[in-house]
Amino acid sequence: MKDIFSEIWASLRRNKLRTCLTGFAVSWGIFIVILLLGAGNGLMNSIQESREGVATNVMDVYGNWTSKPYAGMKEGRRILLDNRDVEVTGSDIFAEHIDKVVASVSTRARIAYGKNSINGTLTGNFPDRQEMERLEILHGRFVNDNDIAGKRKVVVLPENVANELLGILKEEEQELAGTAGGRKVAVESIVGKYVKFGDIPFRVVGICKTDYASGYNKCYAPFTAVQAIYVRSNRIDQLSFTFHGLPTEAANEAFEKEYRAVLNSHHNVAPNDSRAIRISNKFTQDMQMSKAQKALHYAFWFVGILTLLGGIVGVGNIMLITVKERTHEFGIRKAIGARPWSITKLILAESVAITAAFGYMGMLLGMIGCQVLDKTVGQAVMTVADQKIAILVNPLVGMGEAIEVTVVLIVAGTLAGLFPAHKAAKVRPIEALRAE
Amino acid sequence: MLIELKDVNKTYNNGQPLHVLKGIDLSIDRGEFVSIMGASGSGKSTLLNILGILDNYDTGDYYIDGKLIKGLTESQAADYRNRMIGFIFQSFNLIGFKTAVENVELPLFYQGVSRHKRHELAMQYLDKLGLTAWAHHYPNEMSGGQKQRVAIARALITNPKILLADEPTGALDSKTSEEVMQLLSKLNREEGVTIIVVTHESGVANCTEKIVHIKDGIIGEIEDNRQHRSSMFGVNTIMK
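Chains as they are written, first to last, in my numbering: chain A, 1 to 436; chain B, 1001 to 1240.
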């Protein structure tokens, strides 16, 4: 082993400039690979983070428009869900897969407290909704069964709405106004107070964490109260249920078809009309998202490998020149007893050594590059419609990827050296007798 | 017999077929000091390639120490070359980026001898040839004679059955040539090394004990030269 290294070192030392130039191409390739992988990871982490806190075994069902004429009625008829759909969904027909069923209704409202007011959405919900949306309660409580039974006018506000109503400025705004720490009002002081939705006062019973992804200033009140006050019929806006035992996309599809058929018949819609009811399946969405993530990961690898290919061709080229230059030397070696394999080994080892050494340099630089990315773009936050989205979250490469890159480097080095090494092994020992 | 060639034929088929060796019969015994002499184009280089297992022959048989050298794979040929034959070349053929001692070690490296052991042995051989002080010098820091002595040390280190010298004095001046030839004859005389020298110089051939003349691919006269009277320039002189 030591002998091979000293041979490689002797060979490389004689061709410093050439080796460095070729090595740079390899370093650059690996640098790009690492940077791409890091950025890709950051992007995926960001997507992952925005989806976190949502239960994945949930389907949301909405009324839509029919797409097929049926029973004497034209297509394009509006379908509205109602309490009967909730009953059907929760009945024995679907007991095999469906666990909890909750309905919700919602209405846009101007929310007012004292002299502060803000636009928002008042939704009527059941207690199980909290778990389905993985809603985090910061102060007080969520809607409970007594609220439902008593149609109580109580509400859970998201933190940002509570802050707005209390006139609490955000930190950055406080800094701008220069009043940091001036007037301190605790957000929980609103719990127990009455807040007006339109003209109707609701008592605040809790404050939940703001979830920008779930909707615009969404406040949670008991389903029964909101339906009675604002809808005044048994119509519902949305139906959600948790389910189990549908592991594949095909199983989900089959279940959705069956489910549609049942609901369609309740609304006098063709059983095979797939438009009358809209189903948003979080589980299959999650599956598709994971697939997209994987595809993205492979795409980054692909681009990176193509970049690396340039470097590899360079190394192969240099090795060919080296073999050409050393033909006489290989002839001598063979004349005094070198087997073809020992010559092959020499060239392959040299090729792998160049690729690995410069590749590792590139990898190191790439990792530093990722750190820089993390400190700059990684800290940037896009604000879209009051929603904060981090573009890149931890754009770094892990140990697994480092090992993958190492394997790629060794394979690449071997490939680059294969043809030159084969050529070197074929040098005839008679070459040794040829005078220089 | 150490070396036996029986009706060895060799034809090169580069375009026009060229029959270079036309049935060579040659026997060389252990401890002989032989020169093969011939003009360029006589087939002596081809004969040397075959003797050194650097090239194949078409028909006939070639035995070294009773072992038939025929139809070998490249690896087998490499092993035989490594263990049976020591080469001395006209242009020394030392590896330029290796020191003298590293060059001498090389054949042992291909035998898989340990680093320490082969270094020790290489130093012994360099010492024997009076090159201890030059052990860690590179070939381009040495004179022609020194380089050829390093090459001789490299040829001897595997303790080969035959020392095969191809124009060993071709790149040396007459004084150094004489020294090298004296060294070879001393090795033959005192250590009983079998030496075959291929040359076109009669002075060099005259230093050997037996001269094999080759002409047009056929062995001509085999001259007994124990009296060293072959050269017209007298005993122990090499005229350049």
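Honestly, I wouldn't trust all of these hints.
With a Cα cut of at most 27 Å, we get these calculated DSSO-like pairs of lysine-lysine [unchecked claim]:
id : chain 1 : residue 1 : chain 2 : residue 2
1  : A       : K100      : A       : K16
2  : A       : K68       : A       : K115
3  : A       : K2        : A       : K115
4  : B       : K1022     : B       : K1006
5  : A       : K345      : B       : K1117
6  : A       : K423      : B       : K1098
7  : B       : K1006     : A       : K2
8  : B       : K1070     : A       : K423
9  : A       : K68       : A       : K324
10 : A       : K153      : A       : K193
11 : A       : K426      : A       : K345
12 : B       : K1128     : B       : K1186
13 : B       : K1098     : A       : K16
14 : B       : K1098     : A       : K324
15 : A       : K324      : A       : K426
16 : A       : K2        : B       : K1175
17 : A       : K423      : A       : K2
18 : B       : K1098     : A       : K426
19 : B       : K1117     : A       : K426
20 : B       : K1210     : B       : K1022
21 : B       : K1161     : B       : K1006
22 : B       : K1210     : B       : K1175
23 : B       : K1161     : B       : K1117
24 : A       : K345      : B       : K1098
25 : B       : K1070     : A       : K426
26 : A       : K209      : A       : K193
Chain B is nowhere near these chain A residues, computed Cβ spacing over 12 Å in every case [what the hints assert, rightly or not]:
id : residue
27 : G72
28 : I336
29 : E401
30 : L433
Simulated from the structure, these hints should not be mistaken for lab results.
Think of the CB as a built atom: it goes at the ideal place given N, C-alpha and C, for glycine as much as any other residue.
Here is how each hint holds up against the structure:
| no. | hint | in the structure |
| --- | --- | --- |
| 1 | A/K100 to A/K16 | violated, 71 Å |
| 2 | A/K68 to A/K115 | violated, 51 Å |
| 3 | A/K2 to A/K115 | violated, 82 Å |
| 4 | B/K1022 to B/K1006 | holds, 11 Å |
| 5 | A/K345 to B/K1117 | holds, 23 Å |
| 6 | A/K423 to B/K1098 | holds, 23 Å |
| 7 | B/K1006 to A/K2 | violated, 45 Å |
| 8 | B/K1070 to A/K423 | holds, 25 Å |
| 9 | A/K68 to A/K324 | violated, 76 Å |
| 10 | A/K153 to A/K193 | holds, 12 Å |
| 11 | A/K426 to A/K345 | holds, 13 Å |
| 12 | B/K1128 to B/K1186 | holds, 12 Å |
| 13 | B/K1098 to A/K16 | holds, 18 Å |
| 14 | B/K1098 to A/K324 | holds, 19 Å |
| 15 | A/K324 to A/K426 | holds, 12 Å |
| 16 | A/K2 to B/K1175 | violated, 41 Å |
| 17 | A/K423 to A/K2 | holds, 24 Å |
| 18 | B/K1098 to A/K426 | holds, 23 Å |
| 19 | B/K1117 to A/K426 | violated, 30 Å |
| 20 | B/K1210 to B/K1022 | holds, 22 Å |
| 21 | B/K1161 to B/K1006 | holds, 19 Å |
| 22 | B/K1210 to B/K1175 | holds, 23 Å |
| 23 | B/K1161 to B/K1117 | holds, 21 Å |
| 24 | A/K345 to B/K1098 | holds, 19 Å |
| 25 | B/K1070 to A/K426 | holds, 19 Å |
| 26 | A/K209 to A/K193 | holds, 19 Å |
| 27 | G72 | holds, 90 Å |
| 28 | I336 | violated, 5 Å |
| 29 | E401 | holds, 38 Å |
| 30 | L433 | violated, 6 Å |
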